[in-house]
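Student: First to last, the sequence lines map onto chains A, B and C.
Using this note's numbering, the letters of the first sequence correspond one by one to residues 50 to 395.
Using this note's numbering, the letters of the second sequence correspond one by one to residues 24 to 326.
Using this note's numbering, the letters of the third sequence correspond one by one to residues 8 to 356.
No lab work stands behind these hints, which were simulated from the structure alone.
Be aware that a few hints might be false.
[As the list claims (entries may be wrong)] List time: in silico DMTMM-like cross-link candidates among lysine to aspartate or glutamate, alpha-carbon distance up to 25 Å:
| id | chain 1 | residue 1 | chain 2 | residue 2 |
| --- | --- | --- | --- | --- |
| 1 | B | 168 | B | 181 |
| 2 | B | 188 | B | 163 |
| 3 | C | 193 | C | 100 |
| 4 | C | 105 | C | 214 |
| 5 | A | 298 | C | 108 |
| 6 | B | 94 | A | 336 |
| 7 | A | 201 | C | 108 |
| 8 | A | 53 | C | 130 |
| 9 | A | 298 | A | 283 |
| 10 | C | 105 | A | 294 |
| 11 | B | 190 | B | 205 |
| 12 | C | 327 | C | 276 |
| 13 | B | 195 | B | 308 |
| 14 | C | 144 | C | 155 |
| 15 | B | 94 | B | 257 |
| 16 | A | 147 | C | 198 |
| 17 | A | 61 | C | 145 |
| 18 | B | 147 | A | 233 |
| 19 | C | 144 | A | 336 |
| 20 | C | 144 | A | 284 |
| 21 | A | 338 | C | 97 |
| 22 | C | 20 | A | 284 |
| 23 | C | 86 | C | 97 |
| 24 | A | 147 | C | 173 |
| 25 | C | 159 | C | 214 |
| 26 | A | 338 | C | 214 |
| 27 | B | 195 | B | 257 |
| 28 | C | 86 | A | 294 |
| 29 | C | 264 | C | 276 |
| 30 | C | 105 | A | 233 |
| 31 | C | 85 | A | 294 |
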Amino acid sequence: MRTKRESRCQWKQGGILGLLLLLMGIVAMLSLGIGAGQVGIAETIRAVLGHVFGLASLKQSHMTEAIIFEVRFPRIILSLLVGSALSVSGCAMQGLFKNPMASPSICGVSSGAAFGAAMVIVAGGSVSMIPLSAFLFSTLTVFLVYYIARIKGRVPVGTLLLSGMAVSLFFSSLTSFMQYLSREEELREIVFWLMGGLWTANWEKVWQVAFLIILGNLAIFFFAGELNILSMGEDQAKDLGVNVEFSRKMVLVLTALVTGSSVAMCGIIGFVGLIIPHLSRMLVGPDHKVLIPASALAGAIFLCATDTLARTLIAPSEIPIGIITSLCGVPFFIFLLRSRKGMGDF
Amino acid sequence: MSKKNIFIVTLILLALFWVIFKGSAAQKRLAGAGREKVYPHRIISLCSAATEILYYLKADSLIVAVDDGSKLYTPFSVDKPAVGNAYASLNIELITLYQPDLVLCSPSKAEILKARGFQTLAVKTCNVDETLELIDQIGETIGRKENARKITDWMRTEIVGIQEKVKQVSQKPLVYFEAHREGLSRGRGTLTDDLITLAGGINLAHSERARFPVLSREVIMERDPDVIIVESYDLDGKQIMDRPGWRQIKAIRNDRIYTSTVNFTNYTPRLVEGLRTFASWLHPELFRTPKSSGREKEVSFAH
Amino acid sequence: MELRELRELRELKVVDLEFGYHYQRGSRCQSGSRCQRDPRESGLLISGIGLRVSAGEILVIIGPNGAGKTTLLKCLNKKLSPTGGVVYLDGQDIANLKQKDIARKVGVIPQISHVSFPFRVIDVVRMGRYPHQGFWKELNQEDHRIVDQAMKITGAETLRERLITELSGGEYQRMIFARALAQDPKVLLMDEPTLHLDLSHQLGLLDLIRDLVREKGLIAVIILHDLNMAFRYSDQILLLNQGRIYRYGPSEEVITKENIRQVYQVEVEIYESHADSGNGNGVRPCITPVRVSRLEDQQENQGENQEETQRDVKRDIKEKNQRERQREKMLSLSGDLPAGQSQKYGERA
Chain A
50 MRTKRESRCQ WKQGGILGLL LLLMGIVAML SLGIGAGQVG IAETIRAVLG
100 HVFGLASLKQ SHMTEAIIFE VRFPRIILSL LVGSALSVSG CAMQGLFKNP
150 MASPSICGVS SGAAFGAAMV IVAGGSVSMI PLSAFLFSTL TVFLVYYIAR
200 IKGRVPVGTL LLSGMAVSLF FSSLTSFMQY LSREEELREI VFWLMGGLWT
250 ANWEKVWQVA FLIILGNLAI FFFAGELNIL SMGEDQAKDL GVNVEFSRKM
300 VLVLTALVTG SSVAMCGIIG FVGLIIPHLS RMLVGPDHKV LIPASALAGA
350 IFLCATDTLA RTLIAPSEIP IGIITSLCGV PFFIFLLRSR KGMGDF
Chain B
24 MSKKNIFIVT LILLALFWVI FKGSAAQKRL AGAGREKVYP HRIISLCSAA
74 TEILYYLKAD SLIVAVDDGS KLYTPFSVDK PAVGNAYASL NIELITLYQP
124 DLVLCSPSKA EILKARGFQT LAVKTCNVDE TLELIDQIGE TIGRKENARK
174 ITDWMRTEIV GIQEKVKQVS QKPLVYFEAH REGLSRGRGT LTDDLITLAG
224 GINLAHSERA RFPVLSREVI MERDPDVIIV ESYDLDGKQI MDRPGWRQIK
274 AIRNDRIYTS TVNFTNYTPR LVEGLRTFAS WLHPELFRTP KSSGREKEVS
324 FAH
Chain C
8 MELRELRELR ELKVVDLEFG YHYQRGSRCQ SGSRCQRDPR ESGLLISGIG
58 LRVSAGEILV IIGPNGAGKT TLLKCLNKKL SPTGGVVYLD GQDIANLKQK
108 DIARKVGVIP QISHVSFPFR VIDVVRMGRY PHQGFWKELN QEDHRIVDQA
158 MKITGAETLR ERLITELSGG EYQRMIFARA LAQDPKVLLM DEPTLHLDLS
208 HQLGLLDLIR DLVREKGLIA VIILHDLNMA FRYSDQILLL NQGRIYRYGP
258 SEEVITKENI RQVYQVEVEI YESHADSGNG NGVRPCITPV RVSRLEDQQE
308 NQGENQEETQ RDVKRDIKEK NQRERQREKM LSLSGDLPAG QSQKYGERA
């Protein structure tokens with residue numbers, strides 16, 4: 050039976066989710082209208098409406114439409130997708146490891162992807178191979194981490210953490226070695242790939258990751274109940290009948306897929322997976338059934354906004370987005386640390 | 024998750040997919056024209072070396088936009104709009120706006136632009152021979168073949184000339200070339216290595232496998248170079264004397280440290296200038312030091 | 008269903024259970040099928056455990072620290088997989104059951120654990136319905152009813168919207184108990200549930216457990232430290248020592264001066280009190296520790312009986328008067344009010 054207070058709480062949570070959804074739409078539209086070219090918000094809105102409702106009268110010039118729909122639109126969609134992917138993964142990792150300091154790269158996904166990308170760049174392979182190689186290596190890394198930590202069929206959380214650290218360091222050093230071997234422009238490329246960037250976004254890339262990220266996020270969402278219980282502790286989870294090993298493995302795999310595809314497309318974007326879940330927890334509480342959708346939306350908004358900042362602050366040049374997220378993330382993180390709200394006791 | 028919530032979530036997802044679908048259905052090619060075999064007349068150069076070559080080819084009128092680096096590092100005053108620095112990323116929006124029919128940039132960026140429908144010409148790092156090829160290639164692509172031929176012929180003549188003169192020398196000095204950071208040198212296969220060799224010297228880093236090796240202080244001291252050439256934007260070569268232990272090195276004892284500029288080792292016609300300068304440093308008895316130091320805006324050679 | 012009929016269907020039986028962390032299942036020690044020496048030497052934490060509890064019964068496990076009580080309890084709901092022996096739940100070997108199936112029948116109240124995320128109490132109690140949920144994990148009317156009832160019984164209703172990071176030890180315990188009851192279990196396993204509770208709450212909790220067990224025909228297995236409580240609330244007692252059963256059976260047989268001296272190395276006096284025991288016997292023993300056992304106490308039983316007993320009797324009479332007075336004080340504190348006045352668990356004295 051739901052008390053009145055409880056119903057109100059539910060409505061409040063639903064309201065926040067709705068608000069986030071609305072905000073996402075607004076930020077996306079605004080970002081669509083901002084750019085280096087002279088295509089402003091007014092033209093953008095007209096062009097979009099023209100397309101949605103098929104009104105020829107609202108169509109803009111060929112160039113304007115090209116910029117809006119070929120250059121900006123895929124980039125914004127990609128930022129929304131990647132933002133949600135990183136946040137949901139961060140959420141899952143924090144619940145799984147019962148640790149508010151966890152982030153998606155905790156199991157070596159980022160380092161593996163970085164190494165995969167560096168390999169292709171140094172070998173002089175085609176640019177389109179980079180995402181594939183990065184994705185493959187990130188998946189490989191997570192499997193490595195998992196099986197190193199596996200003892201007699203059980204994977205204790207502490208061991209998983211340490212295994213992740215070790216494998217991350219290993220691939221990081223390999224990547225550094227790749228950087229050393231590389232020529233000047235390759236070095237440049239690796240370094241900037243590592244800093245993250247969405248400027249290569251096009252519709253093909255969006256399609257490639259959209260399915261993986263959307264379905265992956267949804268699948269993680271299905272484990273919300275298990276994540277709730279797991280975040281109380283492995284012992285208690287077993288008492289309540291949760292199949293801990295299975296849940297852990299599945300969530301890890303899903304996180305690897307989702308994060309791996311994000312990193313493969315856009316390089317390493319830090320802090321999103323660490324901060325956004327905390328922010329969402331402050332808004333809607335720790336129940337993963339609401340937390341995961343909230344994180345997804347908040348992450349999408351955050352990355353879309355920071356990407357817009359990245360390409361407008363020093364226009365026409367672009368700041369690598371990893372730098373902006375870190376700059377935004379660090380003060381916020383310190384604020385969280387000091388206020389201790391939403392982090393509980395750890 | 025009640026039935027109502029499932030319904031809402033499904034709706035949202037469907038909306039998202041619809042948006043993606045609708046957006047991508049608006050397929051438009053970013054670069055339209057160019058079906059006939061016409062030489063490009065709207066060129067964007069995202070590489071300072073390429074911009075310089077275009078100026079030498081008297082094709083600067085064809086340029087519609089450049090990158091930040093082109094404005095800074097070419098000896099010409101480049102009065103063209105900039106589309107950002109093409110270092111980390113490209114501003115595809117601006118590039119699209121200028122509607123180029125040829126874009127000159129690094130190979131990886133060229134690939135990305137080509138996927139979007141632009142005509143591109145990839146400019147990778149070159150050594151001396153590759154630079155000559157590059158000039159010819161660019162000349163041919165933009166319809167300035169004769170100009171390019173003239174320049175490369177002249178360059179070849181000069182290079183061969185210096186080569187001949189240097190052949191008589193028995194003692195080739197050991198040269199340590201430092202670029203911007205202690206220990207960072209240029210190895211086999213780089214332009215700098217070629218220049219040093221052509222100028223009658225032996226590159227200390229020639230045996231290194233990496234193209235941009237970082238040599239340790241001990242190795243440098245052990246090999247004891249006769250000449251040190253320092254390339255940096257602001258550092259005066261003399262300052263490296265103060266490094267601990269470096270006083271012992273032959274080059275420093277004999278005061279044979281020289282400061283070079285990046286313009287000498289860029290893959291443009293001015294590498295000839297660089298070659299002449301290096302030759303005069305390595306074999307002052309054979310070559311006069313050229314009057315210009317590379318920082319001037321024009322280079323003297325037969326047009 | 009009649010309690011008698013329930014008893015036939017529902018029981019928890021353990022046969023020859025053993026467990027060790029680095030132990031391979033099936034291996035036996037060299038001296039044959041029964042190891043008489045200390046099972047610790049072979050790496051086993053517990054060995055040779057057998058017990059049987061029927062519906063409506065409470066089994067209390069006592070023993071010194073490190074005797075293996077918690078290990079045994081963990082084996083009963085398959086949190087640890089035993090390396091030898093079988094645990095039967097309602098006739099089924101739990102080794103063949105999945106964790107979720109076991110959780111449908113077995114509710115656990117573990118020792119207090121580290122709290123991380125600020126859930127509300129009601130959220131945590133609702134987690135107790137997890138074993139009964141299908142894929143969609145939605146709580147229906149029935150689920151809510153069970154949860155609310157569990158909250159009411161345990162008195163956790165007042166804590167409903169509180170954050171678990173702000174709870175005291177006792178309140179946390181109450182919430183965990185409510186969650187265990189929300190699982191609608193047939194068996195309750197409890198590891199020192201009274202640890203953080205004051206005296207009135209201790210009695211209240213144990214009274215509540217006993218009432219639930221009797222009314223609903225549940226089975227309860229409780230680890231307790233307090234011997235008085237153990238005696239008062241148990242139907243059977245298992246005295247564990249160094250991983251093996253020292254004594255197992257009805258309370259009076261297990262808790263004797265001799266057994267306690269042997270296992271705990273403590274001298275105790277056991278008095279009979281005529282206050283209401285709650286067991287329905289009219290007589291309740293009071294176990295009072297005297298001092299840590301010395302070598303001489305060991306030899307007490309061997310010879311020199313007469314002199315000792317005479318001296319004992321005189322001392323007994325003197326000390327008995329002292330204790331009588333102490334006991335009166337204790338009784339008034341323990342909430343053992345005159346008949347007719349009982350205290351509900353959760354209400355403050």
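Student: So, for every hint listed, does it hold in this structure?
Tutor: For each hint, the structure was consulted:
{"no.": "1", "hint": "B:168 / B:181", "in the structure": "holds (20 Å)"}
{"no.": "2", "hint": "B:188 / B:163", "in the structure": "violated (32 Å)"}
{"no.": "3", "hint": "C:193 / C:100", "in the structure": "holds (16 Å)"}
{"no.": "4", "hint": "C:105 / C:214", "in the structure": "violated (32 Å)"}
{"no.": "5", "hint": "A:298 / C:108", "in the structure": "holds (21 Å)"}
{"no.": "6", "hint": "B:94 / A:336", "in the structure": "violated (55 Å)"}
{"no.": "7", "hint": "A:201 / C:108", "in the structure": "holds (23 Å)"}
{"no.": "8", "hint": "A:53 / C:130", "in the structure": "holds (16 Å)"}
{"no.": "9", "hint": "A:298 / A:283", "in the structure": "holds (14 Å)"}
{"no.": "10", "hint": "C:105 / A:294", "in the structure": "holds (12 Å)"}
{"no.": "11", "hint": "B:190 / B:205", "in the structure": "violated (31 Å)"}
{"no.": "12", "hint": "C:327 / C:276", "in the structure": "holds (10 Å)"}
{"no.": "13", "hint": "B:195 / B:308", "in the structure": "holds (13 Å)"}
{"no.": "14", "hint": "C:144 / C:155", "in the structure": "holds (18 Å)"}
{"no.": "15", "hint": "B:94 / B:257", "in the structure": "holds (18 Å)"}
{"no.": "16", "hint": "A:147 / C:198", "in the structure": "holds (23 Å)"}
{"no.": "17", "hint": "A:61 / C:145", "in the structure": "holds (19 Å)"}
{"no.": "18", "hint": "B:147 / A:233", "in the structure": "holds (10 Å)"}
{"no.": "19", "hint": "C:144 / A:336", "in the structure": "holds (13 Å)"}
{"no.": "20", "hint": "C:144 / A:284", "in the structure": "holds (21 Å)"}
{"no.": "21", "hint": "A:338 / C:97", "in the structure": "violated (35 Å)"}
{"no.": "22", "hint": "C:20 / A:284", "in the structure": "holds (23 Å)"}
{"no.": "23", "hint": "C:86 / C:97", "in the structure": "holds (18 Å)"}
{"no.": "24", "hint": "A:147 / C:173", "in the structure": "holds (18 Å)"}
{"no.": "25", "hint": "C:159 / C:214", "in the structure": "holds (15 Å)"}
{"no.": "26", "hint": "A:338 / C:214", "in the structure": "violated (37 Å)"}
{"no.": "27", "hint": "B:195 / B:257", "in the structure": "violated (29 Å)"}
{"no.": "28", "hint": "C:86 / A:294", "in the structure": "holds (12 Å)"}
{"no.": "29", "hint": "C:264 / C:276", "in the structure": "holds (7 Å)"}
{"no.": "30", "hint": "C:105 / A:233", "in the structure": "violated (58 Å)"}
{"no.": "31", "hint": "C:85 / A:294", "in the structure": "holds (14 Å)"}
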